[in-house]
Amino acid sequence: MSAVINNVVSARGLRKGYKNKLALNGTDFDIPVGRIVGLIGPNGAGKTTALKAILGLIPFDGQLAVLGKDPRTQRDELMNDVCFIADVAVLPRWMKVKEAIEFVAGVHPRFDAAKCRRFLEGTQLTPGLRVREMSKGMIVQLHLALVMAIDAKLLVLDEPTLGLDILYRKQFYQRLLEDYFDEEKTILVTTHQVEEIEHILTDVMFIRDGKIVLNAPMDELGNRYAEVLVNADKLDAARGLKPIDERALPFGKTVMLFDGANPGQLALLGETRTPGLADLFVATMKGTYA
Amino acid sequence: MNTSVDAMALDADRPRAPRAAPHATHKLKLLLRREFWEHKGGFLWAPVWAGGISLVLTLMALIFGEVAARRAAASGKLQIDGDVMINGLDLGMITSKMDAEDLRKLAGGIDLSMLSSSMWPLIVLGFVVFFYCLGSLYDERKDRSVLFWKSLPVSDRDTVLSKAASALLVAPTLAIGAAIATMFAFLLLLSVFVLLHNGNPIQLLWGAGNPLANAGLMLAAIPVYALWALPTVGWLLLCSAWSRSKPFLWAIVIPLFAGIFITWFDVMNLFDLESGWFWKNVVARLLGGVFPGTWIDVANTDGLRFKTPGDMFGHLDALKAMYSVLATTQLWIGAAAGIAMITGAIRLRRWRDEG
Numbered sequence: 001m002s003a004v005i006n007n008v009v010s011a012r013g014l015r016k017g018y019k020n021k022l023a024l025n026g027t028d029f030d031i032p033v034g035r036i037v038g039l040i041g042p043n044g045a046g047k048t049t050a051l052k053a054i055l056g057l058i059p060f061d062g063q064l065a066v067l068g069k070d071p072r073t074q075r076d077e078l079m080n081d082v083c084f085i086a087d088v089a090v091l092p093r094w095m096k097v098k099e100a101i102e103f104v105a106g107v108h109p110r111f112d113a114a115k116c117r118r119f120l121e122g123t124q125l126t127p128g129l130r131v132r133e134m135s136k137g138m139i140v141q142l143h144l145a146l147v148m149a150i151d152a153k154l155l156v157l158d159e160p161t162l163g164l165d166i167l168y169r170k171q172f173y174q175r176l177l178e179d180y181f182d183e184e185k186t187i188l189v190t191t192h193q194v195e196e197i198e199h200i201l202t203d204v205m206f207i208r209d210g211k212i213v214l215n216a217p218m219d220e221l222g223n224r225y226a227e228v229l230v231n232a233d234k235l236d237a238a239r240g241l242k243p244i245d246e247r248a249l250p251f252g253k254t255v256m257l258f259d260g261a262n263p264g265q266l267a268l269l270g271e272t273r274t275p276g277l278a279d280l281f282v283a284t285m286k287g288t289y290a
Numbered sequence: 291m292n293t294s295v296d297a298m299a300l301d302a303d304r305p306r307a308p309r310a311a312p313h314a315t316h317k318l319k320l321l322l323r324r325e326f327w328e329h330k331g332g333f334l335w336a337p338v339w340a341g342g343i344s345l346v347l348t349l350m351a352l353i354f355g356e357v358a359a360r361r362a363a364a365s366g367k368l369q370i371d372g373d374v375m376i377n378g379l380d381l382g383m384i385t386s387k388m389d390a391e392d393l394r395k396l397a398g399g400i401d402l403s404m405l406s407s408s409m410w411p412l413i414v415l416g417f418v419v420f421f422y423c424l425g426s427l428y429d430e431r432k433d434r435s436v437l438f439w440k441s442l443p444v445s446d447r448d449t450v451l452s453k454a455a456s457a458l459l460v461a462p463t464l465a466i467g468a469a470i471a472t473m474f475a476f477l478l479l480l481s482v483f484v485l486l487h488n489g490n491p492i493q494l495l496w497g498a499g500n501p502l503a504n505a506g507l508m509l510a511a512i513p514v515y516a517l518w519a520l521p522t523v524g525w526l527l528l529c530s531a532w533s534r535s536k537p538f539l540w541a542i543v544i545p546l547f548a549g550i551f552i553t554w555f556d557v558m559n560l561f562d563l564e565s566g567w568f569w570k571n572v573v574a575r576l577l578g579g580v581f582p583g584t585w586i587d588v589a590n591t592d593g594l595r596f597k598t599p600g601d602m603f604g605h606l607d608a609l610k611a612m613y614s615v616l617a618t619t620q621l622w623i624g625a626a627a628g629i630a631m632i633t634g635a636i637r638l639r640r641w642r643d644e645g
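Line order of the protein sequences matches chains F and H. If you're matching positions, the first sequence starts at 1 in our numbering and goes up one per residue. If you're matching positions, the second sequence starts at 291 in our numbering and goes up one per residue.
Nothing false has been slipped in among the hints.
Covered stretches of chain H, going by a simulated chain F footprint (3 or more residues, C-beta under 8 Å):
1. 312-324
2. 426-435
3. 440-452
I should point out that these hints are in silico values taken from the structure, not numbers from a laboratory. The beta-carbon is built from N, C-alpha and C at its ideal position, and this holds for glycine as well.
Start from the sequences and build out the full structure, keeping to the hints where you can.
What follows is the structure, given as structure tokens:
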């Protein structure tokens with residue numbers, strides 16, 4: 001079985017329309033095993049719809065296999081190996097910490113209650129505490145502890161840290177990386193805080209208008225894209241190499257972003273460096289809201 | 291950009307934890323327990339409080355009666371049997387003057403008053419189940435906790451069925467437990483009262499009445515309740531799973547307007563039926579079935595006709611009358627409709643997209 005499933009997720013021609021807008025418009029992508037993939041796109045680009053399709057939460061058209069199963073028809077079996085945090089603070093407000101642990105332990109064959117309690121050590125989350133008495137950050141802490149104690153093959157995170165302060169956000173991704181991720185697990189994450197997850201991603205996908213516009217391993221991005229700090233006197237020469245984006249800095253310098261340009265040529269124009277994911281995103285999504 | 295490599299390296303350094311072996315699960319048990327955790331207030335405390343309040347009211351009535359009787363006796367107005375005037379109320383004396391027929395009537399009266407003392411938890415049950423069903427699939431969408439429940443390997447079918455089972459079996463069992471407890475507390479209260487008046491509570495109450503048969507009768511009502519309430523529970527769950535807002539309004543308005551429409555245009559005449567038929571067999575069954583005893587209308591109560599007002603309350607006759615409901619087509623057609631609506635609620639929960 002496992003030899004057949006090299007891709008945790010394999011999507012071909014996904015289509016999903018809401019009212020008169022297509023949220024997914026022939027979306028194709030593959031997610032191999034053991035990766036941390038960031039699905040990044042502007043608001044309304046179809047990120048959440050894509051995740052919902054993978055999780056079998058909505059009907060859609062097209063071919064989609066998650067761990068070799070169709071989430072539309074085999075969702076019940078699939079959920080033994082897939083877990084997700086689909087929004088911030090969706091834990092039921094009446095629930096106590098110990099009830100949450102008891103419940104998940106009773107219904108999930110791959111949940112390790114002892115592990116979950118260990119994750120909660122050193123936090124303010126006591127067994128008798130109710131979700132409604134917690135801060136947003138504490139709710140996410142509890143949710144993450146529950147999810148990390150599940151030995152799932154695919155973990156899907158949709159804006160898991162929205163509205164949290166930076167301490168909780170940093171802690172969230174750090175824990176995920178240190179205590180959860182390994183080569184048999186796959187994590188698919190969406191967020192707007194691109195800079196914060198950039199360093200933990202192994203792969204990145206940009207989605208725009210329901211289509212995947214970029215799908216590459218992070219280290220490949222460094223080979224393909226380059227950012228050059230161009231002096232005012234070399235502007236015309238630089239523009240001749242067709243940058244995909246440029247923005248002016250104070251003191252007459254301009255930063256240009258190149259896709260697949262010759263590194264030797266670029267070095268002559270000025271100081272070069274690997275662009276950040278956020279800059280790349282902005283350049284790729286230019287004109288989205290126009 | 292090179293940090294992805296770090297992530298992999300960091301991972302490789304770490305010893306691989308062995309993949310945990312799957313352990314056994316008890317999904318149904320946990321699903322039911324989860325409903326109980328969330329609705330402990332309605333399922334358990336509401337009937338207990340209702341029973342408690344009815345006991346307090348009984349106690350107040352007893353004290354009030356006691357005071358009034360003592361006043362009357364003091365002014366010499368209270369007479370027993372015309373010639374014996376007593377200082378205060380001497381129940382031992384009254385019992386001694388009763389013949390077998392009187393005792394039989396007393397027993398019937400005590401059984402009935404015991405049953406009515408335990409009525410309050412059961413009335414509360416109707417409201418609890420009604421609002422529980424209406425909220426059960428709506429609230430989880432409203433506060434988005436459905437996204438948490440759906441992240442676990444529990445099917446929509448099991449989830450909805452656990453909610454139906456909570457409404458049809460767990461809640462009535464707890465309410466009937468509270469009702470039985472109330473009944474016994476009521477008897478204890480009366481016993482104290484009887485003792486204060488030199489009566490023998492064992493003879494007068496516990497021996498004459500039949501609390502155990504009453505309790506048995508109530509427990510025997512659970513399956514009838516579950517089947518009879520199915521269409522209401524199904525309808526409310528369907529509304530709960532379907533409506534985007536105000537499930538209460540939809541649940542009430544749709545059957546009500548259907549009824550008004552049908553009455554207005556005399557639609558039922560097409561089937562040679564009165565409009566009243568629709569109100570009784572559709573509207574009432576969709577909305578009122580969760581109230582215990584609403585089946586009395588279709589029950590065969592011939593065995594229960596009291597020849598005289600003082601006739602003894604026959605437990606066996608009452609049981610027979612209650613189970614005669616199981617032989618009616620109304621019950622089974624309603625139950626089938628309820629199951630169909632629950633199936634609809636399961637489908638809606640599976641595919642409803644909360645954007």
